[in-house]
Structures are given as structure tokens and as C-alpha cells.
Amino acid sequence: MTDETDLKPPPRPWRWHIAVFLAPAVLVYTAVMIIPLFETLRLSFFNRADGQTFFVGIANYARLFGDPRWAASFWNALWNNAYFFLIHMVVQNPLGIALAALLSVSRLPGRAFYRSAIFLPTILSFVIVGFIWKLILSPLWGVTPSLLDLIGLRWLFAPYLGLETYALTTVALVSVWQWVGIPMMLIYAALLTIPEDLIEAAEIDGITGFSQFWRIKLPLILPTIGIVSILTFVGNFNAFDLVYSMQGAMGGPNGATDILGTFLYRTFFGFQLQGGDPHMGATIATVMFGIILVVISIYLFIIQRRMRRYEF
Amino acid sequence: MSLSTARTSTPRAITVHAALILYTVIAVAPVLLIVYNSVKDRRAIFGQPMTLPTWDTFTLIGYETVWTQGNFPLYFQNSLIVTVASVFLVLLFGAMAAFALSEYRFRGNLLMGLYLALGIMIPIRLGTVAILEMMVATGLVNTLTSLVLVYTAQGLPLAIFILAEFMRQVSGDLKNAARVDGLSEYRIFFQLVMPLVRPAMATVAVFTMIPIWNDLWFPLILAPSEATKTVTLGAQMFLGQYVTDWNAVLAALSLAILPVLGLYLLFSRQLIRGITAGAVK
Numbered sequence: 001m002t003d004e005t006d007l008k009p010p011p012r013p014w015r016w017h018i019a020v021f022l023a024p025a026v027l028v029y030t031a032v033m034i035i036p037l038f039e040t041l042r043l044s045f046f047n048r049a050d051g052q053t054f055f056v057g058i059a060n061y062a063r064l065f066g067d068p069r070w071a072a073s074f075w076n077a078l079w080n081n082a083y084f085f086l087i088h089m090v091v092q093n094p095l096g097i098a099l100a101a102l103l104s105v106s107r108l109p110g111r112a113f114y115r116s117a118i119f120l121p122t123i124l125s126f127v128i129v130g131f132i133w134k135l136i137l138s139p140l141w142g143v144t145p146s147l148l149d150l151i152g153l154r155w156l157f158a159p160y161l162g163l164e165t166y167a168l169t170t171v172a173l174v175s176v177w178q179w180v181g182i183p184m185m186l187i188y189a190a191l192l193t194i195p196e197d198l199i200e201a202a203e204i205d206g207i208t209g210f211s212q213f214w215r216i217k218l219p220l221i222l223p224t225i226g227i228v229s230i231l232t233f234v235g236n237f238n239a240f241d242l243v244y245s246m247q248g249a250m251g252g253p254n255g256a257t258d259i260l261g262t263f264l265y266r267t268f269f270g271f272q273l274q275g276g277d278p279h280m281g282a283t284i285a286t287v288m289f290g291i292i293l294v295v296i297s298i299y300l301f302i303i304q305r306r307m308r309r310y311e312f
Numbered sequence: 001m002s003l004s005t006a007r008t009s010t011p012r013a014i015t016v017h018a019a020l021i022l023y024t025v026i027a028v029a030p031v032l033l034i035v036y037n038s039v040k041d042r043r044a045i046f047g048q049p050m051t052l053p054t055w056d057t058f059t060l061i062g063y064e065t066v067w068t069q070g071n072f073p074l075y076f077q078n079s080l081i082v083t084v085a086s087v088f089l090v091l092l093f094g095a096m097a098a099f100a101l102s103e104y105r106f107r108g109n110l111l112m113g114l115y116l117a118l119g120i121m122i123p124i125r126l127g128t129v130a131i132l133e134m135m136v137a138t139g140l141v142n143t144l145t146s147l148v149l150v151y152t153a154q155g156l157p158l159a160i161f162i163l164a165e166f167m168r169q170v171s172g173d174l175k176n177a178a179r180v181d182g183l184s185e186y187r188i189f190f191q192l193v194m195p196l197v198r199p200a201m202a203t204v205a206v207f208t209m210i211p212i213w214n215d216l217w218f219p220l221i222l223a224p225s226e227a228t229k230t231v232t233l234g235a236q237m238f239l240g241q242y243v244t245d246w247n248a249v250l251a252a253l254s255l256a257i258l259p260v261l262g263l264y265l266l267f268s269r270q271l272i273r274g275i276t277a278g279a280v281k
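Sequence lines, in order, name chains A and B.
In terms of this note's numbering, the first sequence is residues 1 to 312.
In terms of this note's numbering, the second sequence is residues 1 to 281.
Be careful, since some hints might not be right.
Coverage of chain A stretches by chain B, computed from C-beta distances (three or more under 8 angstroms per stretch; other residues unrestricted) [to be verified]: (1) 25 to 32; (2) 153 to 164; (3) 285 to 298.
No lab work stands behind these hints, which were simulated from the structure alone.
We put the CB at the ideal spot given by N, CA and C, even for glycine.
So that you can see chain B by itself, here it is in the shape it has in the complex (with noise of 0.2 angstroms):
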């Protein structure tokens, strides 16, 4: 018989469930209860706001609001575009960084790692007034390419420091035996560690992901325009204009949530696993 039985005797287990119960809701209510008002008439948001909708009271006339009066389609292929387009950077030039620093030894390795992870804690925020002064120089404002060029620096650093640590459990062996067969490095690691490493890269993508679909700062600052705008700041401007009228604000907000929340069901085990995979060093 284990000792961890004690641990768990029932009314235990259950005053634990309780709680976790209850933050639970904590959690999740505030979102659901925007969600499922978002499909309901104007008199039952107000009236009773806490029911779900019914079929008196179903309607989709705040989405069609949004989509008729908003340029969400717009908006959402632009975050799409850059989310897309500096996560594959960051994977590709952090996958790169990480195998030169884990698998060579070179003068200034050591220094370069370091120097690489200063990004971890020093906020790219910090450094906005110049960076919109270069992106005016190079005439970069109001482009997509200039909040790829951003994120993708703003990832590297932590996308770097995790791949590297991954990629230094690669068996040592199956990479020498590929010098040994001729492979030029360049292949051993296109071929041989990039697809051995692609849970950490799911990982990486994830994280890196999540803060560039909800960033407000630099959309705001570097791309505001009608045609560049980011559906956080698309929904942000729109729920500015459109305070009074709750069904479109409801709709904006839940357009803006599901997709996340879509992704988020999708990869949570990932996520997780990265989470504590990394915490766990």
C-alpha cells in the first residue's frame, strides 16, 4: 500500500476540487458570459444577462454589424500575414543561432549566447522612439514588413535560448556519423536536427505566436493605417467608436477571442508541456 493514500482521503480530494472549482470559473465565466451575450438581442443583454441566449432572443445582428461596418476580414488576414511571417523567422534564424552556439566550439561562443539572451529581459518596448525613426528612414512606416522585422526580434532571443537547449540532447553520435558519411552542416542540420527538434519548435511557435497576434503597442505605433491594421488594434479602434451599441461590441470581442481561444484548445498540451519543460531547467 503507497503512503500517498493519506494524501488523498475524500474529504481532502474534495475541498481541493472545490477550489479549483471555483477559480476555475473564475477563469472562465467572464469570457464565456461575452461570448454567448454576443448572440443575443440587445433587451437580453441588458434584461438578463446572465442567461443563455434562447430562441427568442438569438440573434446575429452584432456580427453582422461588424462585419459590414469594420474591415475585420482585412484586419484578420494582416495578423495572420504577420504572425505567420515572423514566426517562421524567428523558428528558421533562432533554429540557426541555437544550433551554431550548442554545436560548435568557437571564440565568443559563451559571449554570444549572453549577448543574445539580454532580449530576455530587457523589453524592445524600451527602444520604440528609435526604432519608429529607423522605420521612418527606411520608409518601412505603415508596412507589415516593419512589424515582422520587430517581432522577429523581439522572439529570437528566447526562441534561441530554448532551441539551444534542446538541440545540445541530440545524440552527438548521429550527428559525427553524418560527417563521417560527407554530410556538409549545413544538410546535418536541415535534414538531421531541425526535424528531431520539432516539438521544442511547436513549442517556440506557440510562445512566440500568442504575444505578437495580441500586441497593441507596436500596430499602434508603427502601422496604424487603414490598410496595415492588426485585428487587436482593429478591435480596439472599433470598440472605441461603437461603445454604445453592445451587440456590436460583443461581437467584435468574441471575433477577436475565438480565434485565439481556437488555437489555444488546439496547442494547449504543447504549451503546457513547453511551460514546464522549460521551467524544469
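The shape of chain A in the complex, shown without the other chains (with noise of 0.2 angstroms):
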């Protein structure tokens, strides 16, 4: 038997070069992003009148949720957002499996030309292609009447942006067109990883072409829709500047098109005739923050745990 202090390993020195490599990193990333988060949840607790900055406890809280006024704007952005989520969910995510499916096709001349000019919108900028979408469908211009003329449908047209019915759908769209190449590539990269020799043994046994995908490839890719489907939440939940810069701060037509970004906007750097309230702010950021935590928390203890256990 051999001592246990044996095994230790001899106290090595101090090794700085590991100190010195991490330090930067974490110093910015503390400084500007980790403190300020915190911060963010402090002044939250705080208010400010006449100058004096005081401890409010939950008080703001209270006002978010309490008065009719502020309850009613959060809900509503609440609502706008879970709607402008739901959009994402059922039209882009399964569009960009659909696209993935189809571009891992095997032997297909021009992938990588489908590929790229699919992901194109995704790396414009929000401004760009909110004012691109703007201009198509404003009534002015007629491109949309005529391109719906053009398929037999120019009934349908109605200038989506400026109707409370339509607009947030429309603006929900117009953000799937911008962001579908993103859950398109992930995916395609998860059809790729799927071995050749299980699709070749499906074929055999004489499973090919849709049932395939649905029976074979599907469940397999799993994980990843659901990673994508996080990403789409985060992404969503934290959306500003589509909204912004097709429909302005009040997310307009009456609200129609407020989410939780522009909520906060508004709030925390005042609009018009509205003064900012940074501690109002901080409390919507708070609330947000809370969200995106709750949904992520959930998806990793419950969701990926139980993914894993039906991969083998």
C-alpha cells in the first residue's frame, strides 16, 4: 500500500501565465457585462424623486403589475411578443427543417448556391431590412398590388403595416424572412452528421423519400430543433429593432406591434411627451431578464435532459 500523500501531486508555483490569459477576457466581460446585469436588477429595487436616489423595495414592481396603466402596456407587449414567438415557431422553424431537408438532398448541384443566397437576408441589418419591406409593401409604391395581380390574388392586398389586424403578423413575417437561413443551417448540418449507413439500411428495408425524413431523420435531429427553438426564443424575447425601424417606438398601429423591446425602450429613454425612467426601465429588463431565464432554465433541466436519454 502506498502512502496517500504519495499520490499528491508536489504543490506546483503559482502559475501567472494563467492569470495573465484569462484576465482581459474576464475583466470586460464582468466590467460591462456581468456587473451591469446586476446593477440592472438593483436599481430596479430603487427610485428617484427631487434629485435623491432611494430604496423602493419591490414599490416598482408593484406599479409594473398594479397600475391598469403600466399592466396594461407590459401584457400587451407580453402578448405581442408570445405572438411574434408563436410566429417564428410555426412558420420559420419548420420552413428553415424543410429548406435544410431539401438542400441535403444528396447530389444536388448549386447547394452552395441555395445555401448562400437563402442565408442573405440574415446578414442585413434590421434597418435595412425593415425599410426594404417597408418600401415593398407600402400602398405608394406598387409592387406588392401588382405582384398579387400577377398570381390572380391582388384582393388580398391591404396595407398590412397600418392595420391593427395584420401588422404584427406582417411584421413577424418579414422578421422569418430576415432569420430562416440561421435555423436552415444548423439543421443541415445536423442531417449531415447523420451516418450514411443508417440511411442506407432505412432504404433497404425499403424506407426512402418522405417517410424516411419523418421516421429516420427527424427524431435524430431532435436536439437540434430544440437548441434552435431556445435560440428563437432568446432571440425574440430580446427583439427591438424590426419593430423599431419599420413601425417606431410605439410599435405602432396603437400598440399593435409593441414587444417587450421597444416596451423597455420607451420606458427607459422616454418618447415624446414621456419622460425616461430608468428605474422603470431596469424593472422591465428585470422582468425580461426573468423570462429568458425561466425558459432556459426549463428547457435545460427538463427538455435537453430528457432529448438525451431518447438519443440511444
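Using the hints, build the complex out of the two chains.
Laid out in C-alpha cells, this is it:
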């Protein structure tokens, strides 16, 4: 038997280089990201009056949820945001999966071209995307009506961005147009990793085409679909730019496209007659943080764990 | 004969191509429509929006307006400075941290890795209230430095995560041989490991660059002054003001699209390889 102390490695000298390698990244990240996140949380428990900042406990939260005007705006923004996310889940992700499945068809000429072209809108800024679609959908510029005319659907045309009923759906679909490249790429990558012999075995069993996709490939890429969904969620609940550049800071018409991001911007920064309120802004940011955190936790601890179990 | 020939029979291949071409048109046409209408005269923009410009309808009047009325050259310069500086810092600091995490075993390694990875999921935007207060307190509001700091912090988590994955694949024998030769850890990192992970660095660079160049939120809040406006913010302001001058609006949009488009065409292979490599993990 060996003495236990023999197994211990000799005490190593303090390795300075590790600290040197880590320090710049950790410092910048902590100072500009982590501390401000906690500071935002702290600010939400304070308020300011007559140039004095004082602790108010949960009063800001009580105001956000209790004051009918604040609560109405908040729930409207949250509901719109949920709908915005729903459109992405129902349109963007299935479309991304379908495009990825088409791209992964074996021996497809022009694959690289299709991939790059479909991914193109993703690299454009929200400002550009928002404005492009604002122009295209504008009743002033006859592009949309004449296009609809071409396929015999002229009667479908309406000033989509100006009507409360359609505005949010339209903005969400523009966002889908912009972002569909991301799920397409991630799922395409996942499809590529499916071993070839598995597919060949399926073909020997006579499982081809659509049923091969549904029965063999789709179950195998479920974890990737999970990741895509969570990325979509975080992106959507943090969205701001597209609505801001298409519909303005008020999320018009009449708040129909107001989402949490624009609500936070208006509250924090002020808009037109309304003054900015950093403490209420911090409160809204904290609530958004909480929503994102809860959903990520649910995903990590329940969904992803269960998926792992099904993998083999 | 391979079994897979059954999968690419002619009618099926045609269907696949038709579907992909249809979506490609949906993805690309709106962008092209804006770019080619930007060089048409006002009457042609409204009269025949779908047709390509001809010699009769060709004009650069929109570009002239943008170039003379807006401060676009300055905005371009600001965007360039902010993007290049942030990407450089993300790559340098990110690679250093990734090397520490992937190369050395030390107490708290895993915890440090998790701490740095937190930022991948949590948007930095939610800390804006406090970030603005901090920038006001340090006098950095309306400076490009404030943007560089925020974007560096924003880009680091994903960069560290991706680069650490790649650095784990660098052969340990190589590094140990260098250690036997008496090279310091710093020289091993800068002279041996950095050149080896250059492809991964290029991927991370493109990934980091696009959201920075396109961001509207932080320029709007931290640096909205005329001297520090970025292209995205400048285009947003310009589009708001000149909403009725369609030539100028279309030209401003095209000017904002073309640099990113050029960059994309240059790096698209790298970018796509990066996404597929990252997702395989």
C-alpha cells in the first residue's frame, strides 16, 4: 500500500500565465456585462425623486403590474411578443427544416449557391430589412399589389403595416424572412452528421423519401430543433430593432406591434411627451431577464435532459 | 451501383430544384429590387418598379443627395473603427482565455468556463440601463470607446466557447515539444497555437462582425451624437428624414447593403463552414 501523501502531486508554483491569459477577457466581460446585469437588477428596487435616489423595495414591480396603465402596456407587449415568437415557431422553424432537408438531398448541383442565397437576408441589418419591406409593402409603391395581381390575388392586398389586425403578423413574417437562414444552416449541419449506413439500412428496408425523413432523420435531429427553438426564443424576447425601424418606438398602429424590447426602450429612454425612467426601465429589463432565465432553465433541466435519454 | 440513385430520380430532382429556386427568389429578390431601383429616376421607380434600369432611366441623383446631405463617409469610418477594434479585441482576449481554459488544469477551470459561457444565452442588452449609467459616470458616453467595450463584452462568450473547442484539437505533443525546447507559455500561445487555429479565428471574426456592424440599439443609446454615429444609426436617421425622397432613400439603403454584401460574398464559405462546424458538436 502506498502512503496517501505520495499520490498527491507536488505543490505547483502559482502559474501566473494562466491569470494573464484569462484576465483581459474576464475583466471586460465582468465589468461591462455581468456587473451591469446585476446593477440593473439593483436599480429596479430604487427610485428617484428631487435628485435623490432611495430604496423603494418592490414598489416598481407593484407599479408595473398594479397600475392599470403600466400593466396594460406590459401585458400587451408580452402578449405581442409571445405571438411574435409563435409565428417564428410555426413558420420559420418548419420552413428552415424543410429547406435544410431539400439542401441535404444527395448529389444536388448548386447546393452552395442556394445555401448562400437563402442565408443572405440574415447578414443584413434590421434597419435595412425593415425599410426594404416597408417600401415593398407600401401602398404608395405598387410592387405588392402588382405582384399579387400577377398570381390573381389582387384582392388580398391591404396596407398590412397600417392595420392593427395584420401589422404584427406582417412584421413577424418579415423577421422570419430575415432569419430563416439560421435554423436552415443548423439543421442542415445536423442532417449531415447522420451516418450514411443508417440511411442505407433504411433504404434497404424500403423507407425512402418523406417517410424516411419523418421516421429516421427527424427524430435524430430533435436535439438540434430544441437548440434552434431556444435560440429563437431568446432572440425574439430580446427583439427591438425590426419593430423600431418598421413601426417606430410606439410599436404602432396603436400598440399592435409593441413588444417587450420597444416597451423597454420607451420606458427607459422616454419618447415624445413621456420622460425616460431608468428605474422602471430596469424593472422591465429584470422581468425580461426573468422570463428568459425561466425558459432557458426549463429547457436545460427538462427538455434537453429528456432528449439525451432518447438519443440512444 | 449505389443505392442512392433511387433518391435522385429526375422528377424528384426537378421538384427539389424548383422548391429551392422559388425560395431563393423570395430571399434575394427584395434586396435586388432595392439596389437596382436606386439607380433609376423617380418616374421609373414608380412607373415600372420591377424592370431593370435602362439608359433612359439611369440616374445617380439619389447617391448624390445621400453623399452631400448626410455624413455617410464619417458614419462609415465610425462603423469601421468600432467593428475592427471590437473584433480585434474579441479575437485577442477570447483566444487568450480559450487557451487558458483548454490548455491548463487549474482549480475553478470548469466554473470559469461556465461563468464565461453564461453570456451566450443572456443578452447584454438587458443590462443597458446600468451600462449607460456606467458610461455616463466614466465620461465615455458619445465615444466610440463605449461601443467597442460593449461589443467586446458581447462577443467574448461565444468566441471563447468556439475557440476553446478548436484549441482542444491542437496536438499536445507539439506544445510539449516546444516546452522541452524552453519556449515560454506566451510564445507557445502566440507563435504556435494562434497560427494553427487561424481558420477558427476567421470564422469567429465573421460571426462577431455582422451583429456589431448591424447593431442599432447601442449606437442609439450610447453614442447618438453626429460625430459618433455608425452607418446603421445614420441610415436609420436619414431614412426617417428623407422618407419622401425615394431616390435618396433607395440609395441610402443600397449604400448600407453593399459593404456587408461584399463582405458576405468574400467570407460566405468561411461563415457557412463555421456554422456547420459549430453545430456538429
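Outcome of the hint check:
Check result for the region 25 to 32 of chain A against chain B: holds, 6 residues qualifying (beta carbon to beta carbon below 8 angstroms, three or more required). Look at the region 153 to 164 of chain A against chain B: 0 of its residues bring a Cβ nearer than 8 angstroms to a Cβ of that chain, fewer than three, so the hint is violated. Evaluation of the coverage hint for the region 285 to 298 of chain A: fulfilled, as 7 residues show C-beta separations to chain B shorter than 8 angstroms, against a requirement of three.
Going through the hint list in order, the structure does not satisfy hint 2, though it satisfies all others.
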